[in-house]
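Novice: Sequence:
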Amino acid sequence: MAAVMNFARGKLVKFRSQTRRRVLVLLLASVVIAAASPVRAAPEGVNGNGLERGVKAAFLYKFLGYIEWPPTVFPRPDSPFVIGVVGDDAVAAELAHIASGRTVNNRPVTVMRVNEKEPLSGIHMLFIGRSVGARQQQLLEMGQKYSILTVTETEDALAQGSVINFRLTEGRVRFEVSLAAAEKSDLKLSSRMLSVASLVHGSRR
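So the sequence shown is residues 281 to 485, counted in my numbering.
Hints are supplied without guarantee of correctness; some may be wrong.
The list that follows gives simulated cross-link-like pairs (lysine-lysine, DSSO-like), each with its CA atoms no further than 30 Å apart [what the hints assert, rightly or not]:
id, residue 1, residue 2
1, Lys397, Lys468
2, Lys342, Lys468
3, Lys342, Lys397
4, Lys397, Lys464
5, Lys464, Lys342
6, Lys425, Lys342
7, Lys464, Lys425
8, Lys397, Lys425
9, Lys468, Lys425
Pairwise CB distance ranges (calculated) [said to hold, decoys possible]:
id, residue 1, residue 2, range
10, Gly451, Lys425, 35 to 43 Å
11, Thr383, Ser470, 14 to 22 Å
12, Glu450, Pro357, 22 to 30 Å
13, Gly402, Gly451, 22 to 30 Å
14, Ser380, Glu463, 30 to 38 Å
Calculated directly from the structure, the hints in this document are not laboratory data.
Predicted, not measured: the structure shown is a model, and the values here were computed from it.
For each residue, glycine too, the CB sits at the ideal point set by N, CA and C.
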């Protein structure tokens, strides 16, 4: 019985720790966009890969509030934001936990794992993990067709047509933006968000 209780306590502590981490990275992403301060991906004593994924997931959630989509992509005023994730199940899981029960601009948020060969209609944001490889170019082209905010994490992604690309700089998660890609996707990015980006292509910054 004691062994069972100890196991249960261990699970509870782990759950609370994961919950605190998700709340922390979400708050960090909020502060970043509000105060133009980059987020460190791996503070002392924290698993770098796990926290990096958590920070990226938090950014993805916060991006929703700083993008204007064409009104035609939402069938109803209360239609949910749909975020698709391809090539990174860990980010999808983190994002689903962060978005659960929350709304952005009075819209609920739905997170779904996307197969590379599935049609992208009905998705508002698509995160493309680096494991997708050569298929990334085709996904980005499809994203522009459906006014999807595409977010990537590879070196040449903006040149391929991605709107936002994550980069790890000196242990910090940063993001760069392509205004040309946003325009082709008929998306408008807020000035506050642009002020936080490490690099804005197609601007005078």
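Novice: Next step is simple, just say for each hint if it's right about the structure.
Specialist: Here is how each hint holds up against the structure:
For the given pair, Lys397 sits about 27 Å from Lys468 by alpha-carbon distance, which is consistent with the 30 Å threshold. A hinted pair counts as satisfied when its Cα atoms are at most 30 Å apart, and Lys342 with Lys468 qualifies at roughly 15 Å. For a cut-off of 30 Å, the pair hint linking Lys342 to Lys397 stands: about 27 Å separates their Cα positions. For a cut-off of 30 Å, the pair hint linking Lys397 to Lys464 stands: about 22 Å separates their Cα positions.
For the hint pairing Lys464 with Lys342, the CA-to-CA distance comes to about 22 Å; that is within 30 Å, so the pair holds. A distance of roughly 23 Å separates the Cα atoms of Lys425 and Lys342; the hinted pair therefore holds under the 30 Å criterion. For the proposed pair Lys464 and Lys425, the alpha carbon gap of about 8 Å is at most 30 Å, so the pair holds. About 15 Å separates the Cα atoms of Lys397 and Lys425, which keeps this hinted pair within 30 Å; it holds.
This hinted pair checks out: Lys468 and Lys425 have alpha carbons roughly 15 Å apart, not beyond 30 Å. Hint check: Gly451 to Lys425, Cβ distance near 36 Å, so the stated range 35 to 43 Å holds. With their beta carbons about 18 Å apart, Thr383 and Ser470 fall inside the hinted range of 14 to 22 Å. Evaluation of the 22 to 30 Å hint for Glu450 and Pro357 yields a failure: the beta carbon distance comes to about 43 Å.
At about 37 Å, the CB distance of Gly402 to Gly451 disagrees with the hint of 22 to 30 Å. Judged by the Cβ atoms, the range 30 to 38 Å given for Ser380 and Glu463 holds: they are separated by roughly 33 Å.
Violation of the numbered hints given earlier is confined to hints 12 and 13; the remaining hints are satisfied by the structure.
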